[in-house]
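Each chain, written out:
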Amino acid sequence: MNSNRVLLEVKGLKKYFPVSLGVFKKASLKAVDGISFILKEGETLGIVGESGSGKSTTGRAILRLIEPTAGEILFQNKNLCQLDEKGMRLMRKQMQMIYQDPYTSLDPRMTVGAIVGEPLEVHRVARGKEKDEIIRSLLVNVGLRADNINSYPNEFSGGQRQRIGIARALALKPKLIVADEPVSALDVSIQAQVLNLLKELQSQFHLSYIFISHDLSVVVHTSDRIAVMYLGKILELASDEELYFNPLHPYTKALFSAVPSVDKVSRRTRIIIKGEIPNILSLPEGCRFYTRCGKKKDVCKLREPELKDVGGGHFVACFLFG
Amino acid sequence: MENRVLLSVRDLHVHFHTRQGIVQAVNGVNISIRQRDAVGIVGESGCGKTMTALSILRLVPGPSGRIVQGEIKFDGKDILKLPEADIRQIRGNQISMIFQDPMTSLNPVYTIGNQMAEVFHLHSKGLKNKEIRDRCVELLKLVEIPMPEQRIYQYPHELSGGMRQRVMIALALACKPKLLIADEPTTAVDVTIQAQIIELISKLKEESNTAVILITHNLGLMAENTNQVIMMYAGKVVENGAVDDVIDHPFHPYAQGLINSIPRMGKNFSEMKQKLHEIPGVVPRLINLPKGCIFAPRCPRRMEICEQKEPEKKEIGPNHHAWCWQ
Chain A
4 MNSNRVLLEV KGLKKYFPVS LGVFKKASLK AVDGISFILK EGETLGIVGE SGSGKSTTGR
64 AILRLIEPTA GEILFQNKNL CQLDEKGMRL MRKQMQMIYQ DPYTSLDPRM TVGAIVGEPL
124 EVHRVARGKE KDEIIRSLLV NVGLRADNIN SYPNEFSGGQ RQRIGIARAL ALKPKLIVAD
184 EPVSALDVSI QAQVLNLLKE LQSQFHLSYI FISHDLSVVV HTSDRIAVMY LGKILELASD
244 EELYFNPLHP YTKALFSAVP SVDKVSRRTR IIIKGEIPNI LSLPEGCRFY TRCGKKKDVC
304 KLREPELKDV GGGHFVACFL FG
Chain B
2 MENRVLLSVR DLHVHFHTRQ GIVQAVNGVN ISIRQRDAVG IVGESGCGKT MTALSILRLV
62 PGPSGRIVQG EIKFDGKDIL KLPEADIRQI RGNQISMIFQ DPMTSLNPVY TIGNQMAEVF
122 HLHSKGLKNK EIRDRCVELL KLVEIPMPEQ RIYQYPHELS GGMRQRVMIA LALACKPKLL
182 IADEPTTAVD VTIQAQIIEL ISKLKEESNT AVILITHNLG LMAENTNQVI MMYAGKVVEN
242 GAVDDVIDHP FHPYAQGLIN SIPRMGKNFS EMKQKLHEIP GVVPRLINLP KGCIFAPRCP
302 RRMEICEQKE PEKKEIGPNH HAWCWQ
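Residue numbers (the working numbering), protein chains in the order written: chain A, 4 to 325; chain B, 2 to 327.
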């Protein structure tokens, strides 16, 4: 199912937010600071990182829900950044988003039918009876009942609401779905239901996912390739298996070891990284991870390492390698 | 030091009166905790784990919420029968609690030092201001907050989430409690900070011989940091026992389902990528509970009796019980 055709290519994507630090002092918050990756058709690219790493900003910038500051986003070889509003709106038919919080991302005053049908109306895909038919079959696809069409979001549990959000994202038959923490707000047993559903839908509708999460175990479970972000940069990018067995960057290693495991036998020795994520407004010079790294060298303080291929599509931004 | 029972909760029932009816949030919970125990209470949202903890401190939010039945004995005292003045001497002093959200559990208009001093004003009267200040600095040092002398003059918003949670831990430990209840202490922080906080709690536990109740929905966190586990579902205990027994040989279908529904880091890779086990359906609303086992509607191995009679406690192994008809 995983073809070799590239669906999306992101080159040097940057997103800076202006912040004011007083009347005369202005600064820019470099939420995403020059990242590049590709997404193949039918593939799931996981983006994992802690809060403030820029993973959500990346997801939104790809869909141009926020304007990127710099960089190129090539979707099926078309540069999205050069499209005007009308052109972009047409493109958005093919790219949809699933949000984290199923309680705030659905309008409580709209029926399920209106929520799921809204994209169909906006893009003038279907109306009337035909639209209702599409909505009903979408609801069945995501594991709800067709007669839920006239219910309101408050009649549903968190997991069911997330299914409504997924049905809405599927309505226009998109190629790409950006799922931003789609299971973080859900209970453990419901998480499994939604993760399995996303996987089923992927093969059924030939979807490509960008799967954003802070939960490493969820990302490893769902993704084909994984990018590890830290303070606006990708520190490591590799296939799921490669990253799982052979994480190279000290941050990735620490991240893996920090996940509490139920399996005693295979608990890795914990690497506890000292300190906290530095203030993104006053980043250290050199490597961003320098302040917390247990393996730092002199060079790390002076220059910023680039993301390099160390073999077999395993990219890492660290002076210890490559 | 002998290992006697520090806290025992017998047949606890907590009800909430709402417009829709009576919500049976906690429904006959039994817990027994010994000194030096680390007990994990796990379950999904709405299973009653937080309400059980709040009951121990008699902090169930009234007037809608009420402990309607049960007995809570702490250190020989009957918690539910104590006058309010006495329970205040226990709260924060002998039993203290760390809450989930460090953003909302500190008062934004007082400095860190101010809020910490309050504990000493309440529980160790007669201390001079300078002594209190020194004690606060000492505590912040204990929880590894850098530059504690300056921190006490800062306000909560000047601290990061992880630092705030450390302040909460410092506050909770100020009076050297016998029992520390940590309610989802790391849910609001990042995973690398979670590792730091958990290491801190277990270090402090070792040093001061405090018993710990860790309330969490994270099975991995529980497995690594507790020795006893109580698994709750919809206001009831469904299984309890030593943590390794419950994790490795869960008996109750809910316990099995829950443990199999998480992507398990550390399992071999192909297993990690397999389809996750699903528990069908959703957690029931706790109004007008059905007869019989409350998990029956979602249970893959439901029998006739499950829908008629509530399951009784069943011994699976030494110190390992489940409430199930199987």
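Honestly, the hints are just simulated from the structure, not real lab data.
Keep in mind that the hints are not guaranteed to be accurate.
[As the list claims (entries may be wrong)] Output of the computed footprint for chain A on chain B, the stretches with three or more beta carbons under 8 Å from beta carbons of chain A:
(1) 13-22
(2) 258-264
[As the list claims (entries may be wrong)] Covered stretches of chain A, going by a simulated chain B footprint (3 or more residues, C-beta under 8 Å):
(3) 157-166
(4) 191-197
(5) 243-255
[Claimed, not checked] Keeping only pairs whose Cα atoms sit at most 16 Å apart, straight-line, the calculated EDC-like set for lysine to aspartate or glutamate is:
(6) Lys274(B) x Glu244(A)
(7) Lys29(A) x Glu145(B)
(8) Lys277(A) x Glu279(B)
(9) Lys274(B) x Asp243(A)
(10) Lys276(B) x Asp227(A)
(11) Lys202(A) x Glu279(B)
(12) Lys274(B) x Glu307(A)
(13) Lys276(B) x Glu245(A)
(14) Lys274(B) x Asp227(A)
(15) Lys274(B) x Asp218(A)
Glycine included, every Cβ here is placed at the ideal spot set by N, Cα and C.
Original post:
Which hints from the list above does the structure break, by number from lowest to highest?
Top reply: The structure conflicts with hints 1, 7, 8, 12 and 13, although it agrees with all the remaining ones.
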